[in-house]
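From just these sequences and the hints, can you work out the full model?
Number of protein chains: 2
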Amino acid sequence: MGKGGQNTIIEFYFDFSSPYGYFASTRVDDLAADFGRTAVWKPILLGVVLKETDMRPLADIPIKGDYAKHDWERMGRMMNIPYRLPSKFPVATQAAARAFYWLDDRDSELARLFAKSALHAYFAENVDISLPAAVVDIAAALHVDRDELSQALQSPAIKERLRTETMNAIGKGVFGSPFFFVNGEPFWGSDRMWMVKKWMQGENW
Amino acid sequence: MGKGGQNTIIEFYFDFSSPYGYFASTRVDDLAADFGRTAVWKPILLGVVLKETDMRPLADIPIKGDYAKHDWERMGRMMNIPYRLPSKFPVATQAAARAFYWLDDRDSELARLFAKSALHAYFAENVDISLPAAVVDIAAALHVDRDELSQALQSPAIKERLRTETMNAIGKGVFGSPFFFVNGEPFWGSDRMWMVKKWMQGENW
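Taken in sequence, the protein lines are chains A and B.
The opening position of the first sequence corresponds to residue 0 in numbering that gives the first Met the number 0, with each subsequent residue numbered one higher.
The opening position of the second sequence corresponds to residue 0 in numbering that gives the first Met the number 0, with each subsequent residue numbered one higher.
These are calculated hints, taken from the structure and not from any lab test.
Do not rely on the hints blindly, as some may be mistaken.
Heads up, the list lumps identical chains together, so a pair's fine if it works in one copy or across two of them.
[Stated by the list, open to error] Derived lysine-lysine pairs resembling BS3-like cross-links, with alpha carbons at most 27 Å apart:
hint, residue 1, residue 2
1, 50, 63
2, 197, 50
3, 50, 171
4, 197, 63
5, 158, 196
6, 196, 50
7, 87, 197
8, 68, 50
Structure representation (C-alpha cells):
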C-alpha cells in the first residue's frame, strides 16, 4: 500500500483520560482531511496497556508526573485548546470507550462526534466521564437514544469488544496515548503529529 | 527577569549518550542565536538521574525501547541529521562530560564545539566515546592539549564537578535528556523545542 495514496490508513489510538490524547484529538481529523482521508479512531484502556507493558501512569511517576501536569496546562494555552486538569484524574474510561464502539458500528462520524464531546466534557468542563450516566448524557445531546445506549453499555458483547480492541492495540505495539499508525508505521505522542503529516505526504523516508 | 529579554537564560541539559539529546544539540544554538542569546550547555549523567527518579533507560523498556530505536533512525532521516545507533549503546559518558566542564571553565565556545564533535563522533561515526582516549582525540582535533586534558580527566576536582552538576540538575527537576530551562521554565524533550522558542519570544503564556 502506497504512502500518502488514496488507500492510506491513519489510525488514532487514545484513552479518554489521556490529556495528550485529548490534545491530539482536536487536530487529527483536520490532519487526515488535508489528505482526503478520515482517521480511524480507536479508544483503548491505557491502564490495561500499561500493565501489559510493565509501565506506570504518567501522573504517578514522581517528578515526571508533576512536570506532565504543568506541561498539560501549558500545552492547552499554547495550542489554544480549552483544558484544565479534571478534579478526578485519571478516571476509568470503560463507559466512554464502550459507548464509542457501540456508536462506531452504527455511524462512525457520530462516534467521533461523541468522542470529541466526551473529551471536551472531561478536560474542559470537568465532567466525570467515568460515570455511565454522564456518558449517556453526552451521547443524548447528539440525539442518541438513552435507553438503547444504557442497555448496550451493559452488554457482554460491547465489553468484549473493548477488551479485544485494547488487546489488539497492544499486539500492534501501542504502549501509550495518543498513538498513531499510518499504513502500519507507528508514531507515539501528540508531539509526533508533524511526523505523521510527513508520512502522509508519502515522501520516501 | 523578563521572558525573551536580553537577560533570558536558556539552559540545555543532555547526556552524551542520549539520541534525543544529540538531535536537540544540533538545533539549540541556532534557536538561542535567533534571540541573540547563547545557550548554556550542561552535560549530565542520565544514569544517575534515572536512578534518583526511579526510572529506567528508554532502551531497556520492552516495546517502548524498540519503538525508540525505530524513532531515532526515523528522526535522523526526517530532520536530516546523520545518525545511526552506535554498536555500543548506551555508553558511560563520564569522560566526555568531564572533558566538557574542564573546557567550559576555560572557553565555553570551545566546550560547545567539543560537545558537538563528541556527539557527532558517537552518533554519526560510531566512535566509542566512553573511552577517555577517544575523548582526548576528539578534543585534540580542536587543538586542546592532550596531556593536560588526560590529566584533568583524572582529577578529583573535575569528577566532583560533574557529580555536582548532575545533582544540581536533579534538584532543578531534570529527569530526562534533553531538558531545557528558559528563565527557569522547564521543557523536556527534543520535541518541545517549538515551546522553548515560543517561551523565548516572550509571549505571555
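Hint check results:
1. Taking the shortest Cα distances, residue 50 and residue 63 sit within 27 Å of each other both inside one copy (19 Å) and across copies (13 Å).
2. Within a single copy, residue 197 and residue 50 get their C-alpha atoms no closer than 32 Å, and across copies no closer than 36 Å, so neither meets the 27 Å cut-off.
3. In this assembly of identical chains, residue 50 and residue 171 lie within 27 Å of each other by CA distance solely inside one copy; the values are 16 Å within and 30 Å between copies.
4. For a Cα distance limit of 27 Å, the shortest separation of residue 197 from residue 63 across copies, 22 Å, qualifies, whereas the shortest one inside one copy, 29 Å, does not.
5. In the homo-oligomer, the alpha carbons of residue 158 and residue 196 never lie at most 27 Å apart, since the shortest distance is 33 Å inside one protomer and 45 Å across protomers.
6. In this homomeric assembly, residue 196 and residue 50 never come within 27 Å of each other (Cα to Cα): the closest approach is 30 Å inside a single copy and 36 Å across copies.
7. Proximity of residue 87 and residue 197 under a CA criterion of 27 Å is satisfied in neither setting, with 36 Å inside one chain copy and 31 Å between copies.
8. Taking identical chains as interchangeable, the C-alpha atoms of residue 68 and residue 50 lie at most 27 Å apart whether they share a chain (21 Å) or sit on different chains (22 Å).
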